[in-house]
Amino acid sequence: MRDMIKMVLVLTILAAFSGGLLAAIKDGTAENIEKQKLTFVKGPAIKQILEGASNDPISDRFKLQDQDQERSFFVGVYDGKPKAVAFETFGKGFGGDIGVMVAVDVATDRIVGVSVTTHQETPGVGSRAKTDPDFAAQFTDKAFEGTFKVKPDGGQIDALSGATVTSRGVTGALTQATGVYERVKPQLKEKLQAFGN
Amino acid sequence: MAKSIAQEFTKGLWDEIPPFRLVLGLCPVLAVTKTVENGIGMGLATTFVLVCSNLLVSSLRKVIPSKVRIACFIIIIATFVTVVELVMQAYAYPLFLKLGIFIPLIVVNCIVLGRSEAFASKNGIVRSLADGLGIGVGFTLSLAALGAVRELFGSGTLTIWESPIQVFGPSFEPFTFMVEAPGAFVCLGLMLCIMNLLGKK
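Going down the list, the sequences are from chains A and B. Note that numbering that gives the first Met the number 0 gives residue 104 to position 105 of the first sequence, counting from 1, and the numbers run on in steps of one. Note that numbering that gives the first Met the number 0 gives residue 109 to position 110 of the second sequence, counting from 1, and the numbers run on in steps of one.
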């Protein structure tokens with residue numbers, strides 16, 4: 000009996016101690032991890048779709064509350080005016096979540112550019128969503144509203160051959176993004192107005 | 000036969016060098032050694048986990064009931080692996096992207112659990128520290144060596160830290176077989192063969 004109690008006790012103390020330690024380290028590194036992700040994953044995607052912006056979209060970012068989630072928005076300044084905002088949403092791909100960064104022109108509500116940030120798709124098949132510029136280019140200048148669908152589902156986007164699920168993940172993320180955009184638009188306009196001054 | 004502390008350390012460098020002599024922990028050895036940098040990164044991460052878990056297991060060896068010792072070891076090892084994962088994400092993100100799933104997999108690396116079970120749970124703190132450090136350095140060296148051979152022939156470069164160094168001239172045609180999975184097996188086999196020839200008594 001004493002053995003039993005000792006076993007439970009030792010394991011409990013060990014687990015509790017390790018939990019506490021990990022929570023502390025996670026808290027301590029969270030800020031740095033976010034920064035690293037911005038430089039190495041989101042940064043290149045943002046730079047690519049907001050090409051030619053006269054500011055640094057990564058340092059000119061702000062957060063807005065969307066339902067129960069906080070989202071980061073990146074501003075691109077063209078000709079002295081904040082013209083485009085970029086933000087990230089996630090869609091269900093073949094091997095997990097696909098992160099998609101989309102930039103929208105706030106005046107015309109049209110897509111400026113789309114880029115895949117994180118994914119675990121099959122290399123050489125689904126991964127072309129990130130590497131094949133023709134796929135992402137299809138979205139450019141499309142009206143940013145309603146739903147996006149691939150052609151096999153009766154939509155307007157050519158799916159990558161052999162990677163329909165991945166393509167659906169990307170369009171799914173964009174459909175989600177239009178919803179987010181709709182919801183935060185009033186807040187976004189306010190922020191951008193303040194930004195110009 | 001009691002070994003000195005220095006001997007506990009040096010045995011990990013030759014007599015019990017993990018992948019080549021003990022032939023343990025081959026999963027990361029085969030998977031991550033595409034470049035020298037990956038090999039060293041993986042080796043250092045494993046060394047950190049080995050040293051810390053050896054220390055803790057050895058200092059708690061009288062408290063841990065023998066019936067649940069494996070569960071306790073796993074908790075200790077998993078904790079340190081998660082620490083490594085978080086720290087790597089925060090300070091060496093590109094390396095973290097390259098090593099990916101193999102960092103969390105250190106938890107089930109049989110070298111780490113093997114040292115806890117076979118050595119640290121029976122020996123004092125200083126000895127366990129020397130043992131963990133020796134095995135860890137040996138593991139890092141083997142990964143670096145294998146990575147160097149594969150990278151040199153597979154892509155004609157050597158990556159010590161971030162930027163690759165071009166070793167062969169532009170006319171070098173990369174022997175890409177070496178950086179693919181089968182190349183890892185062939186390379187490891189050749190290394191084992193060389194180690195056995197050298198160690199033959």
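Please keep in mind that the hints were generated in silico from the structure rather than gathered at the bench. Possibly wrong hints are sitting among the right ones.
Partial pick of chain B residues on the chain A-facing surface, computed with a CB cut under 10 Å [claimed, not checked]: (1) Val-62; (2) Ile-74; (3) Phe-101; (4) Pro-103; (5) Leu-104; (6) Pro-163.
Sample of chain A residues facing chain B (criterion: CB under 10 Å; computed from the structure) [to be verified]: (7) Val-7; (8) Glu-30; (9) Val-105; (10) Ala-106; (11) Arg-109; (12) Thr-163; (13) Val-164.
For glycine and all other residues, C-beta sits at the position ideal for the given N, C-alpha and C.
Inset, instruction - Would you pick out the hints that fail for this structure and give their numbers low to high? - result: Hints 3, 4, 5, 6, 9, 10, 11, 12 and 13 not satisfied by this model.
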